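Student: The residues making up each chain are set out below.
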Amino acid sequence: MGWQLVRLWTLLVYAFMFLPVAVVVLLSFNASQFGSFPMTGFSFRWFVELAQNDAILRAFRTSIILGLLTAAISTTLGVLASLALVRYRVPGANVISTLLIAPILVPEVVLAVALLLFLNFLNVNKSFALLLAGHVIFTLPFVILVVQARLVSIRRDIEEAALSLGASPRQTFFEVTLPLMLPAVLAGALFAFTISFDDITGTLFWKPGGVETVPTQIFAMLRNSISPEINALGTVMILLTVGLPLLGLALARALATRRGG
Amino acid sequence: MSVETREARQPWILLSPALSAVALLLFVPLAFIAVYSFWLRTATGADQVGFYLDNWAEALIDPFYRDILLNTLKIAAITTLVCAVMGYPAAYFIARSKGNKAILLLLLMLPFWISYIIRTMSWINILGVSGAVNWVLTGTGIVDEPIQMLYNQTTVILGLVHFLLPFMVLNVFVSLDGIDTTLEDAANSLGATRWQAFLQVTLPLSLPGLAAGGLLCFVLGAGTYITPLVLGGPRDAMFANLVFEAIITQLNWPLGSALSLMLLAVLGALVLLYNRYLGMAQLMKGLG
Numbered sequence: 001m002g003w004q005l006v007r008l009w010t011l012l013v014y015a016f017m018f019l020p021v022a023v024v025v026l027l028s029f030n031a032s033q034f035g036s037f038p039m040t041g042f043s044f045r046w047f048v049e050l051a052q053n054d055a056i057l058r059a060f061r062t063s064i065i066l067g068l069l070t071a072a073i074s075t076t077l078g079v080l081a082s083l084a085l086v087r088y089r090v091p092g093a094n095v096i097s098t099l100l101i102a103p104i105l106v107p108e109v110v111l112a113v114a115l116l117l118f119l120n121f122l123n124v125n126k127s128f129a130l131l132l133a134g135h136v137i138f139t140l141p142f143v144i145l146v147v148q149a150r151l152v153s154i155r156r157d158i159e160e161a162a163l164s165l166g167a168s169p170r171q172t173f174f175e176v177t178l179p180l181m182l183p184a185v186l187a188g189a190l191f192a193f194t195i196s197f198d199d200i201t202g203t204l205f206w207k208p209g210g211v212e213t214v215p216t217q218i219f220a221m222l223r224n225s226i227s228p229e230i231n232a233l234g235t236v237m238i239l240l241t242v243g244l245p246l247l248g249l250a251l252a253r254a255l256a257t258r259r260g261g
Numbered sequence: 001m002s003v004e005t006r007e008a009r010q011p012w013i014l015l016s017p018a019l020s021a022v023a024l025l026l027f028v029p030l031a032f033i034a035v036y037s038f039w040l041r042t043a044t045g046a047d048q049v050g051f052y053l054d055n056w057a058e059a060l061i062d063p064f065y066r067d068i069l070l071n072t073l074k075i076a077a078i079t080t081l082v083c084a085v086m087g088y089p090a091a092y093f094i095a096r097s098k099g100n101k102a103i104l105l106l107l108l109m110l111p112f113w114i115s116y117i118i119r120t121m122s123w124i125n126i127l128g129v130s131g132a133v134n135w136v137l138t139g140t141g142i143v144d145e146p147i148q149m150l151y152n153q154t155t156v157i158l159g160l161v162h163f164l165l166p167f168m169v170l171n172v173f174v175s176l177d178g179i180d181t182t183l184e185d186a187a188n189s190l191g192a193t194r195w196q197a198f199l200q201v202t203l204p205l206s207l208p209g210l211a212a213g214g215l216l217c218f219v220l221g222a223g224t225y226i227t228p229l230v231l232g233g234p235r236d237a238m239f240a241n242l243v244f245e246a247i248i249t250q251l252n253w254p255l256g257s258a259l260s261l262m263l264l265a266v267l268g269a270l271v272l273l274y275n276r277y278l279g280m281a282q283l284m285k286g287l288g
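The listed protein sequences derive, respectively, from chains U and D.
The first sequence begins at 1 in UniProt numbering and counts up by one.
The second sequence begins at 1 in UniProt numbering and counts up by one.
Hints were generated in silico from the structure; no laboratory data involved.
Keep in mind it's a predicted model, so treat the numbers as computed, not measured.
There could be a bad hint or two in this list.
[Said to hold, decoys possible] One-sided excerpt, in silico: chain U residues whose CB lies under 8 Å from chain D:
1) Gln4
2) Ala15
3) Ser43
4) Phe47
5) Gly78
6) Leu105
7) Phe205
8) Gly210
9) Val211
10) Met237
11) Leu239
[Said to hold, decoys possible] Quick partial rundown of chain D residues pointing at chain U, CB under 10 Å, derived from the structure:
12) Pro17
13) Met86
14) Met121
15) Asn188
16) Leu190
17) Leu229
18) Arg235
Just so it is clear, CB atoms sit at the ideal spot from N, CA and C, and this is done for glycine as well.
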């Protein structure tokens with residue numbers, strides 16, 4: 001009996017988490033003028049309008065460029081730091097780990113204010129560079145956590161074997177270590193991209209006037225009224241941010257089985 | 001240079017880019033706003049450098065700020081409690097279910113990938129004047145006119161719970177999953193009922209996960225300003241909204257610095273307290 005109750009409760013919790021999102025997707029196909037019930041028919045018109053909306057396309061371009069640059073920088077910094085922490089006996093490794101994940105222990109609003117005011121003091125105004133710096137600093141801890149967790153499982157003796165067979169340290173890194181690390185690196189990059197793509201809290205502080213990312217564009221559109229276009233945009237965002245990691249997961253699994261088999 | 005010193009320097013070379021990034025983009029800026037909070041923003045908009053206690057006096061003594069700070073902590077506390085009550089049984093179910101654990105876990109991770117702003121605004125489709133609930137209510141004739149259910153403190157909490165619940169479930173799951181199930185069997189065989197076994201064996205062992213989830217929900221909830229802007233009314237501002245107002249709207253940056261540091265002090269104290277008694281490792285388990 002008790003177990004059935006727990007099962008029902010869990011079902012309700014899942015419904016609570018997913019129903020509102022499902023409604024967004026459903027309403028994005030609504031043929032009606034308004035972004036609300038009732039559904040008057042099935043239509044792609046809001047997606048067509050979305051594709052013709054310059055502001056939204058610009059926001060997408062900004063978000064994607066920002067996400068890619070964030071992922072590239074953050075993953076590079078994160079992978080190097082993780083290598084040091086996993087592969088070497090570093091004095092004070094615990095303190096260093098805590099320092100490196102500090103950006104997610106500080107409330108994002110506070111991080112946003114501190115970075116904005118400090119860089120402004122250095123005469124760096126609100127700009128794409130500031131936005132990028134901000135996104136790098138708060139995605140870095142996530143990259144380090146993800147990469148470190150996976151690096152631990154790579155066995156050191158494979159590298160030692162390469163070295164003892166006459167490979168130079170450089171060769172060993174590029175031909176043995178890096179390929180083995182690739183899933184970890186990709187996972188870290190994907191994580192950084194998605195977090196950057198989704199961020200609004202810091203972005204609203206850092207973005208220069210006139211520049212919008214997809215989330216800030218949605219936020220700005222919400223201030224008027226909830227149009228069907230927002231639902232369509234939401235659906236595209238869900239497809240992107242859910243589809244990409246799932247694709248990444250499938251890819252990683254395929255790579256792993258190919259190597260294993 | 002000997003091999004040993006080279007070997008010893010290597011990790012520091014690898015660490016230095018990340019450490020300098022964190023130092024330059026987080027710690028130095030935090031130190032800077034600590035200094036900045038003692039400056040004054042003059043009527044002309046220029047900063048007067050010096051050591052003035054005005055901003056701190058305003059932030060700490062003005063009942064306006066104090067009330068909103070207390071209200072923010074209240075909202076975060078309610079949110080955390082609701083997340084725990086909703087999330088614990090769900091985490092227990094996932095941890096103890098056979099077969100479909102992987103799919104349940106994947107589903108649980110999905111909300112992390114769905115945009116926060118989309119998830120927040122999705123409630124407008126449900127509870128708004130022309131949302132799903134009102135459509136059903138007016139359609140079935142229960143009410144004649146749509147009811148405005150949005151833009152109050154309850155919908156702010158609702159939005160926060162929706163945002164933070166996965167953090168709670170995941171943390172509790174991680175800790176429940178690590179408990180040896182034979183412990184419960186042992187308690188049963190020694191005469192405890194299933195309920196007793198849960199209360200006296202499983203629940204205490206899962207408390208670290210519950211605490212980690214609770215800390216995350218509380219800190220993330222108390223630091224938000226987007227949810228009150230989207231789902232709250234004009235009187236539902238949280239403390240982070242005041243920071244946003246001071247920095248972006250009023251451009252009173254020294255005051256904004258003081259308010260930011262106040263928020264950091266309150267939430268930081270919680271994190272330190274947590275670290276003191278439970279350690280960061282538990283939190284990292286749930287995040288990684």
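Student: If a hint holds in the structure, say so; if it does not, say that too.
Tutor: Hints versus structure:
no.	hint	in the structure
1	Gln4	violated, 11 Å
2	Ala15	violated, 11 Å
3	Ser43	violated, 17 Å
4	Phe47	violated, 15 Å
5	Gly78	holds, 7 Å
6	Leu105	holds, 6 Å
7	Phe205	holds, 7 Å
8	Gly210	violated, 15 Å
9	Val211	violated, 15 Å
10	Met237	holds, 5 Å
11	Leu239	violated, 10 Å
12	Pro17	holds, 5 Å
13	Met86	holds, 6 Å
14	Met121	holds, 6 Å
15	Asn188	violated, 13 Å
16	Leu190	violated, 19 Å
17	Leu229	holds, 8 Å
18	Arg235	violated, 18 Å
Checked against the numbered hints above, the structure breaks hints 1, 2, 3, 4, 8, 9, 11, 15, 16 and 18 and satisfies the rest.
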